[in-house]
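*Asks:* Here are the chains, one letter per residue:
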Amino acid sequence: MSEPKKVDRRKFIYAGLGAVALIAIGAAAYVAMNPPVVTQTTTVPTTSVATTTSVTTTTVPTTSVVTTTVPTTSVMTTTVMGPTKVNIVTYHGGFWGVYGTEEQRFDFNAILHKKYPNIDVSVLHLDTSIFTGTLNSMFASGAPPDVFMMWGGKKLQPYVEKDQCTDLTPLYERYGWLNLIPKYMVDEYRNIAGKPGIWGICEVYRWEHETYNADIFEKYNVKPPKTYKEWVDMCETLVANKVSPYVGYGSAYGQERLFSRAVEKCFNDKGETYGWDKLTATRGYKREIPFTDDAVIKALYMLKEWWDKKYIHPGFFGFGWDDEQKAMFNAEAAIIIEGIWEPGYLEVNKFPYKYGTFFFPSNDDPSRVRWETYAEGYSVVKGANLEAVGKVFDVWLSDEVQTLVAQKSKEFVLPNPKALDPNLIPKAVWDMKLVLDKGQPTRQVCHTAFTEEFTVVLRTYVAGVMQGKISPEKAAEALENEATKQMGPIK
Amino acid sequence: MRSMNKKVIVPYIFLLPALFLWYFLSLYPIIISFYYSFFEWDGFPGHTPVFVGLANYIDSVHDIFFISALQNTFIWAFFCVVVAVGAAIVLGAAINFKVVGHKFIRVALFLPWMIPVSSSCFIWRYIIYSPGGLLDTFLKTLGLDYLKRGWLSEMDIAIYMMIVVALWVGTGIQVLILSSAMGNVSPELYDSAKVDGANLIQRFANITLPLISSAIMMSISLVLCGALTMFTYPYLLSAGATAVRAQFLTLALLVYQQSFLNFKIGKGFATAWLMILLEVGLAYYYIRRVTER
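In the order they appear, the protein sequences are chains A and B.
Mapping of the first sequence onto the working numbering: position 77 corresponds to residue 77, and the numbering continues sequentially without gaps.
Throughout, the working numbering is defined as the position within the second sequence, counted from one, plus 491.
Treat the hints as calculated values from the structure; they're not laboratory data.
All C-beta atoms, glycine included, are put in the ideal place defined by N, C-alpha and C.
Take the hints with a grain of salt, since some may be wrong.
Just a few of them, taken from the derived set where beta-carbon distance is under 7 Å, the chain B residues facing chain A [as the list claims (entries may be wrong)]: (1) D533; (2) G534; (3) F535; (4) P536; (5) T539; (6) P540; (7) I555; (8) S621; (9) L643; (10) M646; (11) F751; (12) L752.
Sample of chain A residues with no beta-carbon within 12 Å of chain B, all distances over it, derived [stated by the list, open to error]: (13) N87; (14) Q164; (15) P182; (16) K226; (17) W306; (18) S398.
Same shape as in the complex, but just chain A (with noise of 0.2 Å):
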């Protein structure tokens, strides 16, 4: 048998302190980029009502729990701060999560900087389909941003239930904004999972219309529906000219919108009066009314023949936001299934054609128009820096900023009421507004009202049946006990 190899001693301690030496930067640099920040608190009363809970233990081997509401003061606490970052996670919209040209954007840090020196905003923003898994990798691994976008309603739900969000009260009462967001816009974070609080900034309200391609309405002689009938006419021609109807973004969102449409429509056929709660599909998830209604499984046959007749564009199911936008400015579609932020895109990013704006005519009384609205806005997650967090919010609901964000982005319905104004906004969405003023919304879009967990379940069978692997009786049972397992029976 041969003799091991002897090892050098020597160079076995030299390599050993080496990988000590190598650790010993590593954690210098961390400490170097990671300074510690010094803080001194001051204490800024603020009131609210606090329960308290106190647990007595006593000789007897018995534990009794007592409850108790008494008033308390909680705190904000000022603090001075050294340099800090606070973190921001979007998906794709909004101010930070825009995609846009440079044009949109402007240096909000330098804005930021001249009334608060040492905090910077960092963002990370994700494309909207992958944007749910990572964030909630991000919590799970311990290392969540500081403050989320999030839809209002059910999308932000899971996150406030499972208390990962900071009641933002003492913002607002400190900085004021309850005097200056409108009531509509901070309602939409209010008392979230049944907590009382109010659990996010509004960034921006939404609605959902049709954006169309002008210049091919003329091309074919196509003008914007009134009535449903008119409606499937303009997509017969549209289809018989060789363009995609419409377009959406299939990927993500585009089946629920698709799906919102033909309920609504399916449900004004049967006679139902239209109204404030009456937004039909969300009605099923709030188990008002059964996924297997006839009505719902009529609407879902329509989509199939919506499909099959080649009035959605063949890509749909595979596009992302860029996608549709790519085949709208390419004239692939002459309509895109977005919302009020449309037009905005559509002019900053310099959209070669003329283009216009309706409402799906899910009910033939021109007069009545249906749409929904949904809240899009951002969360602190619980354990952010708030004093920071306040401060980039102070900045970013001023006068300054949010003019700026009207001008440059277009956005429209903005938390500041400075920035609703008629010669910053594209004239197609202020005629719109005009419209809907004088009507009445339906609140809770389909994509906002449903869990991330439903609105899966939901995609994969719309889309199933309109690529007929599933009978629309199915679907609709499948949705049905879906809805059950999650949300409970019937009311």
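Guided by the hints, dock chain B onto chain A, whose structure is given.
*Replies:* Leaving out everything else, chain B in the frame of chain A:
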């Protein structure tokens, strides 16, 4: 005695860093995932997991997407094994027996394997993206417009296109394994067979294949393991698209969906362990069958 102890202990000291990494990156997650598969847990910090026994396993099997994920996983396994290993045998033979163009074949097969998987998926999305991707443009140029499909968005074909991409990337390593094994077969055996009148196919079937059977076994095991835990390709190629996901959802992707989209990490772990049981069962069956032969 001291020298004996040193000989025994020193190798383990050198192994410590690797063992340390293996424990924290592999063994510990396996143990902890099994433990938490019996708990309802949303994964958020500060939330205490609640013991629910086998509820997660039952819930997982009743998940609306479980059956389609299982079906898709088997589709991956079947096609990857049959096509990858089958192609590897043929191409390995072509390289080993130095057919015309064998050098080109070798480069063409190994090059994709050297590109990171995420980059490959990114490139392929541009090729098979529809409408308007490179493949569609190519078909249009050839006047074959009627062949254009929604390669990643049509439910019938999305999974098969993803398998094509995975095979493009992964076949190279199988060819490497099998062509190396073929290279170890003694040439005298072929000479003797030639003398006995065996043709090329007979020599291949009766000499080459039996002698490389252990390499084929290893290749099948590797491919099967990869296919049964398939996540990367469906996730990257679909770019997170949820609408048609059920058509190419695999068990591994379902684990991700349950854990990170549905806030049910315990259920995700349960699905992962069901996946492991499936793999262990298949592997045991396979090894038993092969060993018996």
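*Asks:* So, against the hints stated earlier in the document, which numbers end up violated here?
*Replies:* Failing hints, ascending: 5, 6 and 14.
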